[in-house]
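So you can see what is in the structure, the chains are spelled out below.
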Amino acid sequence: MPGAKFTILESTCVPLPFENIDTDQIIPARYLSATSREGFGDNLFRDWRYGKTGESERDFILNNPRYKGEILIAGKNFGCGSSREHAVWAVYDYGFRAVVSSFFADIFRNNSLNNGLLPVVIPEEYLQKILVLVQNEPETVMKIDLEKQVLEVPSAHILLDFEINPYKKECLLKGLDDIDYLLSMKDKIAQYEKKKY
Amino acid sequence: MSPKTLFDKLWDSHVVHSVENGPDVLYIDRHYIHEVTSPQAFNGLESRGIPVFRPERTLATADHNIPTKDQHLPISEELSRIQVETLISNCTKHGIELFGMQHPNNGIVHIIGPELGYTQPDMTIVCGDSHTSTHGAFGTIAFGIGTSEVEMVLATQCILQTKPKKMRIVINGNLQKGVSSKDIILYIISRISASGATGYFVEYAGNTIGTLSMEARMTICNMSIEMGARGGLIAPDEVTFEYLRNHVDRIKDPGIEDKITKWKSLKTDEGALFDKELAIDASELKPMITFGTNPGMGIPVDGSVPDLKSVNKENLDSYRKSLDYMGLAPGMKIAGQKIDYVFLGSCTNGRIEDFRAFASVVKGKRKAPGVTALLVPGSRKVEEQAKKEGLDKILEDAGFELRQPGCSSCLAMNEDKIPAGKYAVSTSNRNFEGRQGPGARTMLASPVTAAAAAITGVISDPREFIN
Numbered sequence: 088m089p090g091a092k093f094t095i096l097e098s099t100c101v102p103l104p105f106e107n108i109d110t111d112q113i114i115p116a117r118y119l120s121a122t123s124r125e126g127f128g129d130n131l132f133r134d135w136r137y138g139k140t141g142e143s144e145r146d147f148i149l150n151n152p153r154y155k156g157e158i159l160i161a162g163k164n165f166g167c168g169s170s171r172e173h174a175v176w177a178v179y180d181y182g183f184r185a186v187v188s189s190f191f192a193d194i195f196r197n198n199s200l201n202n203g204l205l206p207v208v209i210p211e212e213y214l215q216k217i218l219v220l221v222q223n224e225p226e227t228v229m230k231i232d233l234e235k236q237v238l239e240v241p242s243a244h245i246l247l248d249f250e251i252n253p254y255k256k257e258c259l260l261k262g263l264d265d266i267d268y269l270l271s272m273k274d275k276i277a278q279y280e281k282k283k284y
Numbered sequence: 440m441s442p443k444t445l446f447d448k449l450w451d452s453h454v455v456h457s458v459e460n461g462p463d464v465l466y467i468d469r470h471y472i473h474e475v476t477s478p479q480a481f482n483g484l485e486s487r488g489i490p491v492f493r494p495e496r497t498l499a500t501a502d503h504n505i506p507t508k509d510q511h512l513p514i515s516e517e518l519s520r521i522q523v524e525t526l527i528s529n530c531t532k533h534g535i536e537l538f539g540m541q542h543p544n545n546g547i548v549h550i551i552g553p554e555l556g557y558t559q560p561d562m563t564i565v566c567g568d569s570h571t572s573t574h575g576a577f578g579t580i581a582f583g584i585g586t587s588e589v590e591m592v593l594a595t596q597c598i599l600q601t602k603p604k605k606m607r608i609v610i611n612g613n614l615q616k617g618v619s620s621k622d623i624i625l626y627i628i629s630r631i632s633a634s635g636a637t638g639y640f641v642e643y644a645g646n647t648i649g650t651l652s653m654e655a656r657m658t659i660c661n662m663s664i665e666m667g668a669r670g671g672l673i674a675p676d677e678v679t680f681e682y683l684r685n686h687v688d689r690i691k692d693p694g695i696e697d698k699i700t701k702w703k704s705l706k707t708d709e710g711a712l713f714d715k716e717l718a719i720d721a722s723e724l725k726p727m728i729t730f731g732t733n734p735g736m737g738i739p740v741d742g743s744v745p746d747l748k749s750v751n752k753e754n755l756d757s758y759r760k761s762l763d764y765m766g767l768a769p770g771m772k773i774a775g776q777k778i779d780y781v782f783l784g785s786c787t788n789g790r791i792e793d794f795r796a797f798a799s800v801v802k803g804k805r806k807a808p809g810v811t812a813l814l815v816p817g818s819r820k821v822e823e824q825a826k827k828e829g830l831d832k833i834l835e836d837a838g839f840e841l842r843q844p845g846c847s848s849c850l851a852m853n854e855d856k857i858p859a860g861k862y863a864v865s866t867s868n869r870n871f872e873g874r875q876g877p878g879a880r881t882m883l884a885s886p887v888t889a890a891a892a893a894i895t896g897v898i899s900d901p902r903e904f905i906n
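Line by line, the protein sequences are chains A and C.
Quick note on numbering: the first sequence equals residues 88 to 284 in this note's numbering.
Quick note on numbering: the second sequence equals residues 440 to 906 in this note's numbering.
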């Protein structure tokens, strides 16, 4: 949520080893009619989680009690498609605080950063390794340290640096949001308008 | 001065301030909003107790969540009705111009912006909708944003953005009969994949682009997001200026001819550098259709579903899952596949040209038995024009009916859903699982390919139906 802080996260993970998971899968359009930001977690991955008649799909990972945690690990190009921020609200509302992939769609990444959900990009080979590891050993713990920009899986001796824009990092560490920053720029914005129009 | 790309020129002239080691504060000339992605942004303003900074730069429409039949009646689905009413009250409260349902200017946000002359060259345009890339066809920077960013624009008319990298796709050669701009973009995405342009802003250039109408150019820019691009861009030329002369309201906007003179210099300088370049020979392209669950999974309509051997090992699970969902087999010919639904419409192909193209194929023929067709104009004006040209009669005679404007079956927020397991040839932009309804199987194609399927009941090569 806007203004949410992120510092260090240590948690077990939920693996979703598919590529190109689009925002229609994360939250189908028919659940976008609400006018508030709350409650979207109930319909996260709705059509994968529940069958046609509304019963839980036992094979889907979120319905498997062995897998839980605050870190979602997904195949490359996560969050592609629609710009709906509801997708981020759904992931966050469900309880995830970070998503790890080898590649995020641009708008999803921006939306995540604006809501305190950390998108962590790691190389594809490590992503595949970690996906297999977590699927086989659901108790695997991952540690994400934003200040140090390090992702760690101690049991597998994996230690990876990750990139983040320094401005966005500062915002997340301190729980600041872009609107406060932009509002502080109002004079400059008005000057720009005067010059241009 | 070193040569600059059109994208750089447009971006740099809109930077209010550059944050040290951070993004740019980008000024937004025009902001479009709709009912689905704006309510939470207005709530944000309320809770901060701040007004809309420049209400005259925002234009609103209701499109995503409205019915396409009986629009004179109240919306029956309660949450949808509340969402549309919330848009009306937010616009009234903040003094924002709204073309709501039944207004003569109502329609899909990316159709009405250009159609009413609000979209012009040399602008920055944003909207809480990924297909905002459509407006790039006018030589303007246009891209989709999230709701937090909608709130930023409402609050300050600016947004914080990191400048993307630049890609140029040069398309040369004459298109064959029956091949349209939809086929060009479906081909490009199939070649570079659904993530092939992530992190880039794409400029489309080349002599093929010069021959295309604004409607056709918008279709290409519209689907830029489907390869992950932040947006697509085409330098304005005489075709652009002629379109603007016909669409800009000269009373509201009297200086259009002077602006056109200025816009003539809006282009990429000779020798400007791009981070990535791609060349396409348009003369070799065929009508395209998708067979999978992302827009990168496209093949020529006379081709076959790729077999498993041609798929990378690490993509195999995703590929199998996709074909399983679609109920199609590796290696099978796509032509002849039975279909159940046809959808003509959306911000990709819901313009007057698209209705003309569809009508030209079905004229004097009959809709195939067992096919349900949803023909949804992109706007009231498109609907009106289609009727003026007698297209509604041609369609009716062939067994089709025109519905009222809206996003409709493209994302199936309203009741225009494709049932589970059914195949739909759709002129929209996304074939994701469940996009057109839970379990729906979408195959993306051009209006003429959709028309050929509608009259034969199977995937057919539209070239056989075009004189």
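Possibly wrong hints are sitting among the right ones.
Simulated crosslink set (EDC-like; lysine to aspartate or glutamate; CA at most 16 angstroms straight-line) [unchecked claim]: (1) LYS772(C) <-> ASP746(C); (2) LYS275(A) <-> ASP463(C); (3) LYS230(A) <-> GLU157(A); (4) LYS616(C) <-> GLU903(C); (5) LYS282(A) <-> GLU840(C); (6) LYS273(A) <-> ASP836(C); (7) LYS256(A) <-> GLU459(C); (8) LYS826(C) <-> GLU792(C); (9) LYS827(C) <-> GLU792(C); (10) LYS443(C) <-> GLU696(C); (11) LYS155(A) <-> GLU257(A); (12) LYS802(C) <-> GLU828(C); (13) LYS283(A) <-> ASP451(C); (14) LYS760(C) <-> GLU157(A); (15) LYS283(A) <-> GLU828(C); (16) LYS508(C) <-> GLU840(C); (17) LYS281(A) <-> ASP468(C); (18) LYS806(C) <-> ASP831(C); (19) LYS760(C) <-> ASP134(A); (20) LYS772(C) <-> GLU792(C); (21) LYS256(A) <-> GLU226(A); (22) LYS604(C) <-> GLU792(C); (23) LYS706(C) <-> ASP561(C); (24) LYS752(C) <-> GLU157(A); (25) LYS698(C) <-> ASP561(C); (26) LYS698(C) <-> ASP714(C); (27) LYS752(C) <-> GLU212(A); (28) LYS802(C) <-> ASP756(C); (29) LYS804(C) <-> GLU840(C); (30) LYS283(A) <-> ASP468(C); (31) LYS216(A) <-> GLU753(C); (32) LYS802(C) <-> GLU840(C); (33) LYS804(C) <-> GLU753(C); (34) LYS282(A) <-> ASP836(C).
Because the hints were derived from the structure by calculation, they are not lab data.
Now the hints, each set against the structure:
| no. | hint | in the structure |
| --- | --- | --- |
| 1 | LYS772(C) <-> ASP746(C) | holds, 11 angstroms |
| 2 | LYS275(A) <-> ASP463(C) | holds, 13 angstroms |
| 3 | LYS230(A) <-> GLU157(A) | holds, 11 angstroms |
| 4 | LYS616(C) <-> GLU903(C) | holds, 10 angstroms |
| 5 | LYS282(A) <-> GLU840(C) | violated, 51 angstroms |
| 6 | LYS273(A) <-> ASP836(C) | violated, 59 angstroms |
| 7 | LYS256(A) <-> GLU459(C) | holds, 13 angstroms |
| 8 | LYS826(C) <-> GLU792(C) | holds, 13 angstroms |
| 9 | LYS827(C) <-> GLU792(C) | holds, 13 angstroms |
| 10 | LYS443(C) <-> GLU696(C) | violated, 25 angstroms |
| 11 | LYS155(A) <-> GLU257(A) | violated, 29 angstroms |
| 12 | LYS802(C) <-> GLU828(C) | holds, 13 angstroms |
| 13 | LYS283(A) <-> ASP451(C) | holds, 13 angstroms |
| 14 | LYS760(C) <-> GLU157(A) | violated, 26 angstroms |
| 15 | LYS283(A) <-> GLU828(C) | violated, 42 angstroms |
| 16 | LYS508(C) <-> GLU840(C) | holds, 11 angstroms |
| 17 | LYS281(A) <-> ASP468(C) | holds, 13 angstroms |
| 18 | LYS806(C) <-> ASP831(C) | holds, 14 angstroms |
| 19 | LYS760(C) <-> ASP134(A) | holds, 14 angstroms |
| 20 | LYS772(C) <-> GLU792(C) | violated, 30 angstroms |
| 21 | LYS256(A) <-> GLU226(A) | violated, 29 angstroms |
| 22 | LYS604(C) <-> GLU792(C) | violated, 33 angstroms |
| 23 | LYS706(C) <-> ASP561(C) | holds, 10 angstroms |
| 24 | LYS752(C) <-> GLU157(A) | violated, 29 angstroms |
| 25 | LYS698(C) <-> ASP561(C) | holds, 10 angstroms |
| 26 | LYS698(C) <-> ASP714(C) | violated, 30 angstroms |
| 27 | LYS752(C) <-> GLU212(A) | holds, 13 angstroms |
| 28 | LYS802(C) <-> ASP756(C) | violated, 43 angstroms |
| 29 | LYS804(C) <-> GLU840(C) | holds, 14 angstroms |
| 30 | LYS283(A) <-> ASP468(C) | holds, 11 angstroms |
| 31 | LYS216(A) <-> GLU753(C) | holds, 12 angstroms |
| 32 | LYS802(C) <-> GLU840(C) | holds, 13 angstroms |
| 33 | LYS804(C) <-> GLU753(C) | violated, 46 angstroms |
| 34 | LYS282(A) <-> ASP836(C) | violated, 57 angstroms |
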